[in-house]
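Kindly produce the complete structure, drawing on both the sequences and the hints.
Protein chains in written order, with this note's numbering: chain D, 1 to 281; chain C, 1 to 83; chain A, 1 to 508.
Among the clues, some could well be false.
[As the list claims (entries may be wrong)] Pairs of lysine-lysine residues, derived as PhoX-like cross-links and limited to a Cα-Cα distance of at most 25 Å, are as follows:
1. A:K418 x A:K483
2. C:K43 x C:K81
3. A:K195 x A:K33
4. A:K457 x D:K236
5. A:K409 x C:K7
6. A:K289 x D:K203
7. D:K233 x A:K455
8. D:K276 x D:K181
9. C:K25 x C:K47
10. C:K7 x A:K241
11. A:K8 x A:K135
12. D:K40 x C:K81
13. A:K455 x D:K276
14. C:K25 x A:K508
15. D:K236 x A:K455
16. A:K274 x C:K7
17. A:K32 x A:K57
18. A:K8 x A:K501
19. A:K457 x D:K59
20. A:K357 x A:K316
21. D:K269 x A:K455
22. D:K244 x D:K276
23. A:K452 x D:K236
24. A:K501 x A:K131
25. A:K452 x D:K276
26. D:K258 x D:K246
27. A:K399 x A:K316
28. A:K51 x A:K195
[Unchecked claim] Stretch-level coverage of chain D by chain A, calculated; a stretch enters the list once three of its residues show a Cβ under 8 Å from a Cβ in chain A:
29. 10-21
30. 210-219
These are computed hints drawn from the structure, not numbers from a lab.
Built from N, CA and C at the ideal position, the CB exists for glycine as well.
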Amino acid sequence: MFRSLLFVPGNNPSMLQNADIFMSDAIIFDLEDSVNLDEKDNARNLVETYLLTTKELPKAVVLRINPVNSDLVDDDLKLLQTRKIDYLLLPKANKISLFVLDKILKKIENKIELKPTKVICLIEETKSVIDIYELAKHERVEALMLGAEDLTSELEINRTTEGKELLYSRSRIIYAAISNKLIPIDTPFTDIDNQDGLIQDCKNALNLGMKAKTAIHPSQLETINEIFSPSQKAIKWAEAVLKKAKELNKGAFQFEGKMIDRPVLEKAKKIIEKAKLFELM
Amino acid sequence: MWQAGSKESNDCLITLKKSDKTKIKIDSIVGHLFHNQILNAVKDTLKSDNINNVEVLVEDKGALDYTIRARLKVAIKRMMKDV
Amino acid sequence: MLNGVKRKIPNNLPRFVSSDDFLNKKRKLVSKKKKQLKTVFFNSYEEVFDKFNIKDKTTLSFHHHLRNGDRVIQEVCKVIKNNKLNDLHFAPSSIFPSYTNMTELIKKGNITNIHTNYLNGEVAKVISEGKLKGKLIMNTHGGRARAIESGDLAIDVAFIACPTVDRSGNGSGAIGKNACGTLGYCVPDLEYAKKVVLITDNLVDKLDDYQLNGEYVDGVLVVDSIGEAKGIVSGTTEVTKDPIGLKIARDCSVLLSDLGLLKNNFSMQTGAGKTSLAVVNYIKEIMIKQDIKGGFASGGITKSYVEMLEANLFEKLYDVQCFDLEAVRSFKENINHIAMSASKYGNPFEKDIIAEKLDFVILGATEIDLDFNVNVTTDSSGYLIGGSGGHADIAKGAKVTIIISPLIKSRIPIIKEKVTTITTPGEDIDILITERGIAINPKRKDLIKKLKSSKIKVFDIKELLDKTHDITGVPANIKTDDKIIGYVEYRDGTYIDVLRKVHDDYIK
Chain D
1 MFRSLLFVPG NNPSMLQNAD IFMSDAIIFD LEDSVNLDEK DNARNLVETY LLTTKELPKA
61 VVLRINPVNS DLVDDDLKLL QTRKIDYLLL PKANKISLFV LDKILKKIEN KIELKPTKVI
121 CLIEETKSVI DIYELAKHER VEALMLGAED LTSELEINRT TEGKELLYSR SRIIYAAISN
181 KLIPIDTPFT DIDNQDGLIQ DCKNALNLGM KAKTAIHPSQ LETINEIFSP SQKAIKWAEA
241 VLKKAKELNK GAFQFEGKMI DRPVLEKAKK IIEKAKLFEL M
Chain C
1 MWQAGSKESN DCLITLKKSD KTKIKIDSIV GHLFHNQILN AVKDTLKSDN INNVEVLVED
61 KGALDYTIRA RLKVAIKRMM KDV
Chain A
1 MLNGVKRKIP NNLPRFVSSD DFLNKKRKLV SKKKKQLKTV FFNSYEEVFD KFNIKDKTTL
61 SFHHHLRNGD RVIQEVCKVI KNNKLNDLHF APSSIFPSYT NMTELIKKGN ITNIHTNYLN
121 GEVAKVISEG KLKGKLIMNT HGGRARAIES GDLAIDVAFI ACPTVDRSGN GSGAIGKNAC
181 GTLGYCVPDL EYAKKVVLIT DNLVDKLDDY QLNGEYVDGV LVVDSIGEAK GIVSGTTEVT
241 KDPIGLKIAR DCSVLLSDLG LLKNNFSMQT GAGKTSLAVV NYIKEIMIKQ DIKGGFASGG
301 ITKSYVEMLE ANLFEKLYDV QCFDLEAVRS FKENINHIAM SASKYGNPFE KDIIAEKLDF
361 VILGATEIDL DFNVNVTTDS SGYLIGGSGG HADIAKGAKV TIIISPLIKS RIPIIKEKVT
421 TITTPGEDID ILITERGIAI NPKRKDLIKK LKSSKIKVFD IKELLDKTHD ITGVPANIKT
481 DDKIIGYVEY RDGTYIDVLR KVHDDYIK
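What follows is the structure in structure tokens.
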């Protein structure tokens, strides 16, 4: 489970050596868009030696590889041998690229006796928004992440803080993810200095059903974590409801004037689970 | 001449040249505290990649050991590609 | 013999015992200078030298309120060079990179002894490399006031750059084309130097409101320019964007909150760095949210404090030097923006000093050691890069002293087994906040207890050191030269550490 995932350019030693101190639930070490073509080898080697020698790694390590149809991906995937990578982030995820990646991974996993590596699909093409339910069913997939920059560029539209242009893609990702017990992760907010815009963007995504958001600068993490965490009020409510349920030992009862039944109890359990995981209690 | 890395802070720029014997030159902003560690990282990496007869220049801006090793490895790979 | 912080001090010199030891001593005061009946006006720096009989071995003092914009010290250096004077003793309250004319005079032996509270730039470099023939004594801001009033630092002539002076010799920093605000550091010089000359580029008939009393002034020199106001801006007005700095600042504000230090009528001081500014902004947010009104903030005052005063978040500002032009403006306009002298700020023997009224202070460190001793005087190779300023004064005075710093700066660990130079004794440092955790001085059991119920995780400082070494590797011990180039004088006049020449291997 995540609330926040921070992108760290793979070729930036200053960011790498501090990756574990940022309050991000996961760090995405990027070998793709933030790394120039002639520095791909530098980034790959740096991330590799970092993962192999660093004592305190981030809570979860995600590696964004280059597209599977590029000649870079084979070398990128050699980093799996470090056995420190929790998830792969697949750029331009679609039915074909996911199929190809799955095949390559199976081969590697067999060869080096690695348990199956979970994949986060980066949805940044119109056709993958359409095919989203098929991607979501794939057993390798753990989460679906929206990549709005490429998507809006393909659509030739502008991104706005109101985010109406993302309503469709966000909703499809959320429905596909939730119905398959995956985590829907929202696109980053790219205007780093605009904290008010970030707050609005996070709330828009949260209210539609997004469960986490990517960050492109550490200064965005505090806001993202706060908005995607259950509130103290919600935690107190959930604790009280569950306590009452235990006391009464009943599936349905009244609490503070409201009817409590199974779906509400499930919601309360989820809140407590998250609160414990994110150390909010 | 083959290079890898940069002169950004916490990074280092490695320059490799062919030479009749191995020479290592370290120019580091933290040389007074970490010269030996840097030297060992360079020697170690050369040894593990079985490289002799190169001149290595490390221009260091406070890179950690793994950064120095990674940069040197890439410089070596770039050299091997050309040779 | 070892002093109270286990540093070896030559036998004939006063040894530091503890920061409280001044309580066992009596205040030593020489009499203030005689008041003048008439103020003399000079036409040139040369004439001042002539009339005040400035010759070899004379002690001259200056203040640093114009910082990098100061022209007075540069002009005085020119006259010393032309007059071929030797073995002068300089006592500027601080030395800035723009004071370039001092360098040659130090190398050639025209200036051989220096007292100052802070120095960086070229002068710091040549002294570090052993070019000063005599000794460098590093004071604290409060300690310098003590040294002057006790006669330990006897000044022959004080050159006081003063943005506006009237015909009776009264001086003010609040107005004039080079207004720099409060002139707190030169008040002891004014009252105790044998001769005092004010140098100004703005002469007016009569000042109603002045900080420097003309009765102590022997002469006034009117020049075209005492400096450049834009050079006086120090520190920064921009909040840090560095994610490490922001994390430290955020953790600091949470800690202050959890310790219950942010409450009505509280008082505080911070430095003027980018991270301190971020702390101030976070504190401001908390104050607005929780409707807290502070008592006062003190120190070198910056724009962010002015904004808080104007937003009624603080009742008063006590200001010894204005760090930027917004502070200068506020000092002129706002009666609650109050001037304080160096003595009133941090002299251990003065009554009711501001340093002792502070609830908490937030300071930086170049190095901190396992005993919590702090170094802000030299860098890791022994080069002089600063000095106490008010560091040791307010660390002693404040109820809680917090150091904020990244644990690692370009691979250099900030925590050492032993710091290169002790500026401020560990007994006065309570909390260290870094991006990888917080350490609390074990003698502050009260603070440790208060944080038991907080989410903040507290480490032993040794644990933080080990964490650092896991990342950086263990640094080599640096080589030192035997030659003593000066001393760090604690605020009570004892010596807390010696300063040594940089080892030849490290000379840049």
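How the hints compare with the structure:
At most 25 Å may separate the alpha-carbon atoms for a hinted pair to count; K418 (chain A) and K483 (chain A) meet this at roughly 20 Å. Between the alpha carbons of K43 (chain C) and K81 (chain C) the distance comes to roughly 21 Å, so the proposed pair stays at or under 25 Å and holds. As the CA atoms of K195 (chain A) and K33 (chain A) are separated by approximately 8 Å, the hinted pair is consistent with the 25 Å bound. Between K457 (chain A) and K236 (chain D) the CA atoms are separated by roughly 24 Å; this keeps the pair inside 25 Å, and the hint holds.
Among the hinted pairs, K409 (chain A) with K7 (chain C) is consistent with the structure: their alpha-carbon atoms are about 16 Å apart, no more than 25 Å. For the suggested pair K289 (chain A) and K203 (chain D), the alpha carbons sit about 21 Å apart, so the restraint of at most 25 Å is met. Under the criterion of a C-alpha separation no larger than 25 Å, the hint pairing K233 (chain D) with K455 (chain A) is consistent with the structure, at around 18 Å. For a cut-off of 25 Å, the pair hint linking K276 (chain D) to K181 (chain D) stands: about 20 Å separates their Cα positions.
For the proposed pair K25 (chain C) and K47 (chain C), the alpha carbon gap of about 16 Å is at most 25 Å, so the pair holds. As the CA atoms of K7 (chain C) and K241 (chain A) are separated by approximately 21 Å, the hinted pair is consistent with the 25 Å bound. Pair hint K8 (chain A) plus K135 (chain A) holds up; C-alpha atoms about 17 Å apart against a cutoff of 25 Å. With a CA separation close to 15 Å, the supplied pair K40 (chain D) and K81 (chain C) stays within the 25 Å bound.
Under the criterion of a C-alpha separation no larger than 25 Å, the hint pairing K455 (chain A) with K276 (chain D) is consistent with the structure, at around 14 Å. A C-alpha spacing of about 17 Å is found between K25 (chain C) and K508 (chain A), which places the hinted pair at or below 25 Å, so the restraint holds. Taking the CA atoms of K236 (chain D) and K455 (chain A), the gap is about 18 Å. The hint holds against a cut of 25 Å. Restraint check: the Cα-Cα separation between K274 (chain A) and K7 (chain C) comes to about 24 Å, which is no more than 25 Å; the hinted pair holds.
Simply put, K32 (chain A) and K57 (chain A) have alpha-carbon atoms about 22 Å apart, close enough for the 25 Å limit, and the pair holds. For the hint linking K8 (chain A) to K501 (chain A), the alpha-carbon distance of about 16 Å falls within 25 Å, and the restraint holds. Proposed proximity of K457 (chain A) and K59 (chain D) is supported: the alpha carbons are some 17 Å apart, at most 25 Å. Pair hint K357 (chain A) plus K316 (chain A) holds up; C-alpha atoms about 13 Å apart against a cutoff of 25 Å.
For the given pair, K269 (chain D) sits about 23 Å from K455 (chain A) by alpha-carbon distance, which is consistent with the 25 Å threshold. For a cut-off of 25 Å, the pair hint linking K244 (chain D) to K276 (chain D) stands: about 19 Å separates their Cα positions. With a C-alpha separation of about 22 Å, the suggested pairing of K452 (chain A) with K236 (chain D) holds against the 25 Å cut-off. Taking the CA atoms of K501 (chain A) and K131 (chain A), the gap is near 9 Å; set against the 25 Å cutoff, the hint holds.
Between K452 (chain A) and K276 (chain D) the alpha-carbon distance is near 19 Å, which keeps this suggested pair within the 25 Å criterion. Our distance criterion of 25 Å between C-alpha atoms is met by K258 (chain D) and K246 (chain D), whose separation comes to about 17 Å. Distance restraint check for K399 (chain A) and K316 (chain A): the Cα-Cα separation of roughly 19 Å lies within the 25 Å cut-off, and the hinted pair is therefore satisfied. The straight-line distance between the Cα atoms of K51 (chain A) and K195 (chain A) is roughly 10 Å, inside the 25 Å bound, and the hint therefore holds.
Taking a C-beta to C-beta cut-off of 8 Å, the stretch 10-21 of chain D contributes 3 residues in contact with chain A, enough for the three needed, and the coverage statement holds. Judged by the Cβ-Cβ criterion of 8 Å, the stretch 210-219 of chain D is covered by chain A as claimed, because 3 of its residues qualify and three suffice.
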